[in-house]
Amino acid sequence: MSPSAAEGTIRPSAGLEQYFQQLQGRPTLRLLDLSPVSQANVSFLAGLGHRLYCEDFLSSLDDFFGGDEDFYQSQENPARAQEFMNLTFRQLEGPFHGALVWDCLQYLSPTMLELTVAELHRLLVPDSFMLAFFHNDERAKTVPASYYRIQDYRTLSIQERGRRTPYQFFTNPFIERVFRDFTSVKMYLTRDHLREILVKR
Amino acid sequence: MWNRRKEEESPRPATLSSPPVAPMEGMPVSTTPTGYQGSRTTATIGENVLIAGQIFAKEDLVIDGQIDGTIELLENKVTIGKTARVKATVKARDVVIHGTVHGNVEASDKIDLRRDAHLVGDIRAARIAIEDGAIFKGSIDVTKVEVPKAAPRPATSATPAPAATPPATTTASAPAQTMAAAANEHKR
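Keeping their order, the protein sequence lines are chains A and B. Taking the working numbering, the leading residue of the first sequence gets 33, the next gets one more, and so forth. Taking the working numbering, the leading residue of the second sequence gets 22, the next gets one more, and so forth.
What the hints contain is simulated information worked out from the structure, not anything from laboratory work. Watch out, some of these pointers could steer you wrong.
Unchecked claim - Label pairs and their in silico Cβ distance ranges:
| # | chain 1 | residue 1 | chain 2 | residue 2 | range |
| --- | --- | --- | --- | --- | --- |
| 1 | B | 164 | A | 223 | 36 to 46 Å |
| 2 | B | 164 | A | 170 | 38 to 48 Å |
| 3 | B | 152 | A | 143 | 30 to 40 Å |
| 4 | A | 224 | B | 150 | 22 to 32 Å |
Unchecked claim - Residues of chain B clear of chain A, computed beta-carbon distances all greater than 10 Å:
| # | residue |
| --- | --- |
| 5 | 67 |
| 6 | 69 |
| 7 | 123 |
| 8 | 131 |
| 9 | 153 |
| 10 | 158 |
| 11 | 162 |
We put the CB at the ideal spot given by N, CA and C, even for glycine.
Model the full structure from these sequences, guided by the hints.
Rendered as structure tokens:
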């Protein structure tokens, strides 16, 4: 991993590389990006001829459930959780041919995690791919939530947007359980405690 | 997606051919150069102006007020200022957004989302620039937008009709038909 001032940390990403290999030769796809809109991602993905749908999932989560200590408790309210799902995903005009979920799923309570993964499953077309990241430092009480900006097919710029307490630690078996309805899950370990997951719908 | 593009297919309401109404005296709609622009003549919709209806212009426009309806400047640039709250479909040659917009935005050339921009809607343009900090929810389609030539219109920048002017703010209301058109627009 090599540091770079304002751009954040620039690092290679095997998951991203695999993700783009799957998209190769398929222009004009509809891709869902759950990070805040960024020039880098828009330029790169639009440059490949894809249409991008942006939804800053973490900000929406904070706006809806509040960023305080009741954050996870509020998410466990089934009615509230369902209302959030309706506001966030139901108005999306799918289906999508791919999704960039980044590290969003770590900040969800069990109820919300299940609902979100089910929505992603519903929105993605069969054989499409989804890229998700999970921090794998078991001892860390907080983990950095980040902006992920695509530099090229295999390189990401990662810029911290604050530290957050994840609801739970995602082990490999747990991740496999979370995506049990998907066709396959590939995991890529990195040196910076960030596990990259490529999920096939 | 967010605001479906069905409105594009709908015929233009009859009010388009209605004679333009000159801005009310004292209403802060001006055609003086503003801080957002260079030396070109630019119309401005002031911070305390509310327009419900349709805006067509053949000159650049700066919006600092509140607009509910549609905005079309097919050959010109619209700048949506920091204080603006726009609930409208926006079509222009160039669109620069500093404020809040709910609605689809289409530019034949460029859309510029500045760091204070808050846009919920689909955007489509040949070029898109996004500053860090801009908030956006919707789809992005970077493509050449074919813009039909604007139909000949009276040379007005905005067509608000006379309305009651409350003491604190100036509110311009469009004619009833235009209001209905705008209401239908929202229902879609």
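The hint says 22 to 32 Å between residue 224 of chain A and residue 150 of chain B; measuring C-beta to C-beta, is that right? The hint (22 to 32 Å, Cβ to Cβ) holds, given that residue 224 of chain A and residue 150 of chain B are roughly 31 Å apart.
Distal placement of residue 67 of chain B relative to chain A, Cβ over 10 Å: Since the minimum Cβ distance to chain A is about 29 Å, residue 67 of chain B lies beyond 10 Å and the statement holds.
Should the label of residue 162 of chain B as a non-interface residue stand, given a Cβ cut-off of 10 Å to chain A? violated, 5 Å
Could you let me know if the closest chain A CB is still more than 10 Å away from the CB of residue 158 of chain B? violated, 6 Å
Residue 123 of chain B clear of chain A by more than 10 Å, beta carbon to beta carbon? About 13 Å separates residue 123 of chain B from the closest Cβ of chain A, which puts it past 10 Å; holds.
Beyond 10 Å from each Cβ of chain A, as asserted for residue 131 of chain B: Holds, because the least Cβ-Cβ distance between residue 131 of chain B and chain A comes to about 13 Å, which exceeds 10 Å.
Over 10 Å from every CB of chain A: does residue 153 of chain B meet that, or does the non-interface label fail? violated, 7 Å
Distance restraint evaluation - residue 152 of chain B, residue 143 of chain A, Cβ atoms, bounds 30 to 40 Å: holds, 36 Å
In this structure, is the beta-carbon distance linking residue 164 of chain B and residue 170 of chain A contained in 38 to 48 Å? Distance hint for residue 164 of chain B, residue 170 of chain A holds at roughly 46 Å.
Far enough from chain A: is every CB of that chain over 10 Å from the CB of residue 69 of chain B? Non-interface label on residue 69 of chain B holds, nearest chain A Cβ at 28 Å vs cutoff 10 Å.
Evaluate the given range 36 to 46 Å for the C-beta pair formed by residue 164 of chain B and residue 223 of chain A. Check passed, 39 Å falls within 36 to 46 Å.
Going down the numbered hints, you'll see the structure goes against 9, 10, 11, while the others check out.
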